[in-house]
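Chain by chain, the residues:
There are 2 protein chains.
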Amino acid sequence: MRTYRLALIGFGNVGQGLATILRDYGPTIAAQHGADYRIVAVNTVRKGRVYNPEGLDPGQLLQNCGVNQRLDDIPAPYTGWTVEQVIRESNAEVIIEMTASDLLTGQPATDYIRAAIAQDRHVITTNKGPVGLFYPELSAMAAERGVHLGVEGTVMGGTPVLRVGRELLAAAGVERIQGILNGTTNYILTRMAEGESYEAALREAQKKGYAEANPSADVDGYDAAIKIVILTNLLLGIPLKLENVEREGIGNLTTRDIVRAQQVGEVWKLVAWVERTPDMVKAAVRPIRLPATHPLAGISGATNAVTFVTKLLGEVTIVGPGAGRVETGYAVLSDLLEIHHRLNG
Amino acid sequence: MRTYRLALIGFGNVGQGLATILRDYGPTIAAQHGADYRIVAVNTVRKGRVYNPEGLDPGQLLQNCGVNQRLDDIPAPYTGWTVEQVIRESNAEVIIEMTASDLLTGQPATDYIRAAIAQDRHVITTNKGPVGLFYPELSAMAAERGVHLGVEGTVMGGTPVLRVGRELLAAAGVERIQGILNGTTNYILTRMAEGESYEAALREAQKKGYAEANPSADVDGYDAAIKIVILTNLLLGIPLKLENVEREGIGNLTTRDIVRAQQVGEVWKLVAWVERTPDMVKAAVRPIRLPATHPLAGISGATNAVTFVTKLLGEVTIVGPGAGRVETGYAVLSDLLEIHHRLNG
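Heads up: the sequence lines are chains A and B, in that order. Under my numbering, the residue at position 19 of the first sequence is numbered 19, and the numbers go up by one with no gaps. Under my numbering, the residue at position 302 of the second sequence is numbered 302, and the numbers go up by one with no gaps.
Worth flagging that the hints you see were computed from the coordinates, not collected in a lab. Some hints could be false.
Given that identical chains are not distinguished, each listed pair holds provided it fits within a single copy or across any two copies.
What the hints assert, rightly or not - Straight line, CA to CA, 25 Å or less: simulated DSS-like cross-link-like pairs of lysine-lysine:
1. K282 <-> K208
2. K207 <-> K241
3. K208 <-> K241
4. K208 <-> K311
5. K47 <-> K207
6. K311 <-> K282
7. K282 <-> K47
8. K207 <-> K282
9. K47 <-> K311
10. K311 <-> K207
11. K47 <-> K241
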């Protein structure tokens, strides 16, 4: 059995999803994989900071997230440590970065990731900003320090789309990647096709916790665009940047457009894609009217899908949840297990 | 660069698909992965047997498959070696077993696989019979001898469904697996929905090379059933046997049934599934009438799909080619690369 001490930077949906998994399945994971995951530090902006080098009980952490409760009410040797202090001075081997960071600046996530790598800690992030903006730099830094940088949760939550593309389909020669990568807009378009107004559908998506804090990230296509940037960097090995992605959101679509398309058996979807030819790469996010028989036409609600168009295998599509508390928590777990398997051959 | 010498037992669609990949992408694979794959022996029933310890040219092998040509016309130090002799005496590190074997006895494939493992050779097979019937025995034997047993090509050709289930979703807690696992029947049902008769659709499927030599294996559900057995053994770790799978083929469906379902927006599909509860496992193959909105309803023609229903991630579906020359050849390549990565950390 190998023990891994984890520091959680941020404890919102994803962090709580991970804590739920460790609370409910920790012993099963330990028995199956020989890895014992122990949360030693949790840092939040609103609920306080707590550090116990011996480990904190995940159930207790979840409980102390409730209204009128604080994480730093949990009895522990240290409270109030800053993120920098945790990264430098705690005994955590893995820093799990899940802060509410700006998609377009990647901050404060990127600074935390750089600091953690510089301190020879393994890093897992579920933040799209740092990976979409700085992946070549961060991955080179991690390689140089001999630590692991896990990013599975940045695209399609726990659905293992990055690993499938990188580990299982790389040799098939990926030529094009296309998909429905933003759950909020897909949910909105699905509800609008059922006759709902744009505003009401957006409110519903926010209530269900799908929407980004700033709705522009979803509805203007930034979220899907940065995910295409991540897929391009990781799976095609091309340092595409956000400004190279042509981008159009769903703001110009009306319920009437959508219902009218449906009457002739077509569906509006916000589709993101990247295509590579021997001498160029082209990427875009744009609402597209698809025939109902198209594989992406049936992807409804908050479900996401990615199709890899490959030389040797033709088209391979993965469909799964694109967000969700426990679902994205699972992405972190899969990165943790990857670190474990790498360190233990 | 590490060299791997390969012996191909059988040189039908899959073997020729693999040779095509090595002919066209061998140098790319070597550059990307540091693995140089060299075919040294090919044994066939009808086109002869050839062994060159230095390696055979894949392009030449493909050419000598043509009408009025034979593999043993290729200049080589040895011809006429039996499979047993190749396994015992050749310098091949990997035996790739792709014979036309009986689905229900697993022979002659199983004997070849046992012999190869006993001689400490890595084995890759694309034959469902041996894996469906004897996986627990064969995998234990391989583990004991310290060799690799690659079986990715037995389910959904090169679409990496076994690897996704085993490596990427295991920790998510797979509770149910369901899918469209037989391309022939799915093609037949798709064509019947377009008004074609059963007999004409079956002939088309045979002409396109989808159908098994014995059509009963497809249309009576044996092929899908043995794939469910393989998924259950490999991904759930349960030694389910073919006789434990309830099985009903598509023989009782008429074009009228199918067209009539379609008129009310429903689709007939041959669905295979396995479900596990804490104290039992249940598996079946059966034609089912699905609403058009069901994720499996849109899987048409020779495309296959598998949905994993998991505790932590909900439903994750993989859609891709279920057969095909180069596509299944890719499954063998992915097993070869797996061996390479295991041997080289």
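Verification of the supplied hints:
In the homo-oligomer, the alpha carbons of K282 and K208 never lie at most 25 Å apart, since the shortest distance is 33 Å inside one protomer and 35 Å across protomers. Proximity of K207 to K241 under the C-alpha cut-off of 25 Å is found in neither arrangement, the shortest distances being 32 Å within a copy and 47 Å between copies. For the identical chains of this complex, K208 and K241 are neighbours neither inside a copy (31 Å) nor across copies (43 Å), given an alpha-carbon limit of 25 Å. In the homo-oligomer, the alpha carbons of K208 and K311 lie at most 25 Å apart only across protomers (20 Å), although the nearest pairing inside one protomer, at 39 Å, exceeds that limit.
Taking the shortest alpha-carbon separations for K47 and K207, only the intra-copy value of 21 Å comes in at or below 25 Å, while the best inter-copy value is 66 Å. In this assembly of identical chains, the alpha carbons of K311 and K282 lie at most 25 Å apart only when taken from the same copy (18 Å versus 38 Å across copies). Neither within a single protomer nor between protomers do K282 and K47 lie at most 25 Å apart by alpha-carbon distance, with minima of 43 Å and 46 Å respectively. Taking the shortest Cα distances, K207 and K282 never come within 25 Å of each other, neither inside one copy (35 Å) nor across copies (38 Å).
Taking the shortest Cα distances, K47 and K311 never come within 25 Å of each other, neither inside one copy (50 Å) nor across copies (29 Å). Only between protomers do K311 and K207 lie at most 25 Å apart by alpha-carbon distance; the minimum there is 24 Å, versus 42 Å within a single protomer. In the homo-oligomer, the alpha carbons of K47 and K241 never lie at most 25 Å apart, since the shortest distance is 35 Å inside one protomer and 53 Å across protomers.
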